[in-house]
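Fit chain B to the given chain A structure using the hints.
Those protein sequences? They're chains A and B, same order as listed.
When we follow our numbering, the leftmost residue of the first sequence carries the number 1, and every step to the right adds one.
When we follow our numbering, the leftmost residue of the second sequence carries the number 1001, and every step to the right adds one.
By construction, these hints were calculated from the structure, which means they are not laboratory data.
Take the hints with a grain of salt, since some may be wrong.
As the list claims (entries may be wrong) - If you anchor each label on the Cβ, the simulated ranges turn out as follows:
1) K1128/B to S335/A: 53 to 61 Å
2) T1376/B to G45/A: 52 to 60 Å
3) K1027/B to E142/A: 21 to 29 Å
4) S15/A to P1282/B: 38 to 46 Å
5) K1091/B to K24/A: 46 to 54 Å
6) G45/A to A1276/B: 50 to 58 Å
7) D49/A to S1233/B: 29 to 37 Å
8) I316/A to E1236/B: 51 to 59 Å
9) E1168/B to E142/A: 24 to 32 Å
10) D1404/B to E142/A: 55 to 63 Å
11) N1115/B to A235/A: 47 to 55 Å
Glycine included, C-beta positions come from ideal geometry on N, C-alpha and C.
Protein chains: 2
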Amino acid sequence: MAKIVIKFGGTSVGSIERIIAAAKIIKRKVDKNDKIIVVVSAMAGKTNDLVRQSQKISKNFNKRELDVLLSSGEQVTSALLAGALEECGIKAKSFMGWQIPILTDGEHNNSRIINMHVGKINRYISKKGVAIIPGFQGISNEADITTIGRGGSDATAVSIAKVFKTDECEIYTDVEGVYSTDPKHFPKAKKIKKISYEEMLEMSSLGAKVMQSSAVQTAMMYDLPLHVRSTFSSAEGTKIFGSENIDYSKTITGVTYSKDEAKITLLDVQDKPGVAADIFEPLGKNSINVDMVIQNISPDGKSTDLTFTIKRSDLIKTTKIIKLNKKKVRFKSLSSNKKVSKISIIGAGMITTPGVTYKMFRALAQEKINILAISTSEIKISVIINEADTTNAVKKLHTVFNLD
Amino acid sequence: MAKIVIKFGGTSVGSIERIIAAAKIIKRKVDKNDKIIVVVSAMAGKTNDLVRQSQKISKNFNKRELDVLLSSGEQVTSALLAGALEECGIKAKSFMGWQIPILTDGEHNNSRIINMHVGKINRYISKKGVAIIPGFQGISNEADITTIGRGGSDATAVSIAKVFKTDECEIYTDVEGVYSTDPKHFPKAKKIKKISYEEMLEMSSLGAKVMQSSAVQTAMMYDLPLHVRSTFSSAEGTKIFGSENIDYSKTITGVTYSKDEAKITLLDVQDKPGVAADIFEPLGKNSINVDMVIQNISPDGKSTDLTFTIKRSDLIKTTKIIKLNKKKVRFKSLSSNKKVSKISIIGAGMITTPGVTYKMFRALAQEKINILAISTSEIKISVIINEADTTNAVKKLHTVFNLD
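One chain only, chain A, in its complex shape (with noise of 0.2 Å):
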């Protein structure tokens, strides 16, 4: 008989009918398995409801208030579920983070968790008990609520399953895995059966927004399997592994895009030592996040163009900030591109099979599709163009990369 941490998000438990139709899933496991442990959400746009709230009183709300307050929404969904287990006549039990306890390093809005107890929970689940735990939560040192960072409990569910050892870790979400591109814009989008960690957060960080990065980062941390499934439907999900259980028979894995991109050049920027510094410190300051960056080699040694990319709603902060660091920073202009997008393409299998560029490349030139910066990492490569060519793009590298 199995350990498991069964995870549901937000959508899953975001009515009540959904908390039902959570027991019920559970339900099933028991029969199944002999120790379940649950990790719950808050209810969907609860947490968001009591940012609001807070942000109502103060823009710059009490960080430790804050913990407080957005806890209680987890609270709500564990006593719920607990209760509608209870119903079903299951044996169930919530445990908040401070009566486990979960322990974190202290920090307010978002703690690290750095251990938890497991005694009260295992004597719990072996007397077939279904534990019903909270994401999202742990207690500091001195018993102060702290909470994990948005997207949290994903967080909770992986430490959950590595310190109690679980054999099995499943998310339940509101999707039924990871595509291969995005299924609401792209119907030939397909449902990838296995994903390695590291492609997963290549994913995730462009906007595959399955799973929360910090919590598939712990989770290749400590080789733990993952399992992401849907609510919905009782279809398998997408398991994600080290790459080393993956049987690489394509190339790429996914295909992903982002519309809110902007880039911005500065031409004849002085090359010595030290200028990337002082363009990107005060950015950094302001908390406007440089996503690629281009350094054209200079040919004369003395000048350069640099160009990099942004959030798109940094475009007018960022565009001022560098004009008033002009002193320091000399260049002879800055131009910016607004109606940009950012493609990329996602493959462990990338790594062993070479002509993946030049393939990517060919593929967009035959559409017309003009690149106009470049970036490339081990597992991924992607492609700043026009806005409008995304749809194109995606398609076109979609099809060539046999994902369709």
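Relative to chain A, chain B alone:
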């Protein structure tokens, strides 16, 4: 410098705007007082919302989990109020029931507070911090969350006043205090400046509903003065003391009425020991609350007439139970009247003032109001009359006893 406890009821923290207003009331006190402990209810309507959600899952929702669920309401208010105070530049911190801890007898949904630790809170308020404590919640010996019954935040405030030996206990609510009769329907109703615990208890149970009865009882037991006042006005409210501190220039403190009464009379009941018990035992077992009971003196020593009142909504159930029980309790006939109301005059002063009963009956007679039943205690006289006469009766008694 004083140590005070201030309690805000649900309507006083019913929206973000009101929570900010409550923070301002506290701010004014911070300048004058060294040490402030605040107790809060859930935002108005919140507890009912949560109960409704639980009942969609089960009419008989698991009691332990109901406590986990409902205690989240006060948790939210505590965090929001602490954040609002911090935003005003006042040092403040929320302390959940488990963080203090507040220890209860462990009964779910209806616990009693048996003790609380003072160290953490005393250290904090000694350093000019405002401690915010959620009402209604505590923990059991097994560290389960336990709630202390609806309206239980009043009980939390009074217990804190006792254990922390505070100089004052202010109860902020949505009315300006206790009135001589219902101010909504009788414009001549006057705010009572001082009232004894005993009178307040009689007023509460009759529907004045300004404060939870068990909290008043606790205050009476420990002789803790209370001050009930409005969040929406700076006017002094009603102070509640032991009767020895009150100067009774008026015999009667208030006139209350209740319209949801029904009267049942059993004619020719056998007059022998144990009959009353035989009648009322099955009612009690069916959770029917019998209020007034009047038994006439039996003229022949063999049979008697028995009249009693119950909630109007229990009438059908009650007559059914009595008829089912006819084998055991014999009577000639049962008559009932569901169009009756109960009028009471309350006043600790009536103990030392002869003729109050007579004066009341005479006043009602002058209005041609027929008295259907009478019941008296040391500080209260209640009569049952036809419901249609309610307004006339209240007005007349309010005038006759100099309350206008």
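Going down the list of hints, with the structure as the test:
no., hint, in the structure
1, K1128/B to S335/A: 53 to 61 Å, "holds, 56 Å"
2, T1376/B to G45/A: 52 to 60 Å, "holds, 57 Å"
3, K1027/B to E142/A: 21 to 29 Å, "holds, 26 Å"
4, S15/A to P1282/B: 38 to 46 Å, "holds, 42 Å"
5, K1091/B to K24/A: 46 to 54 Å, "holds, 48 Å"
6, G45/A to A1276/B: 50 to 58 Å, "holds, 56 Å"
7, D49/A to S1233/B: 29 to 37 Å, "holds, 31 Å"
8, I316/A to E1236/B: 51 to 59 Å, "holds, 55 Å"
9, E1168/B to E142/A: 24 to 32 Å, "holds, 30 Å"
10, D1404/B to E142/A: 55 to 63 Å, "holds, 58 Å"
11, N1115/B to A235/A: 47 to 55 Å, "holds, 54 Å"
The structure meets every hint from the earlier list without exception.
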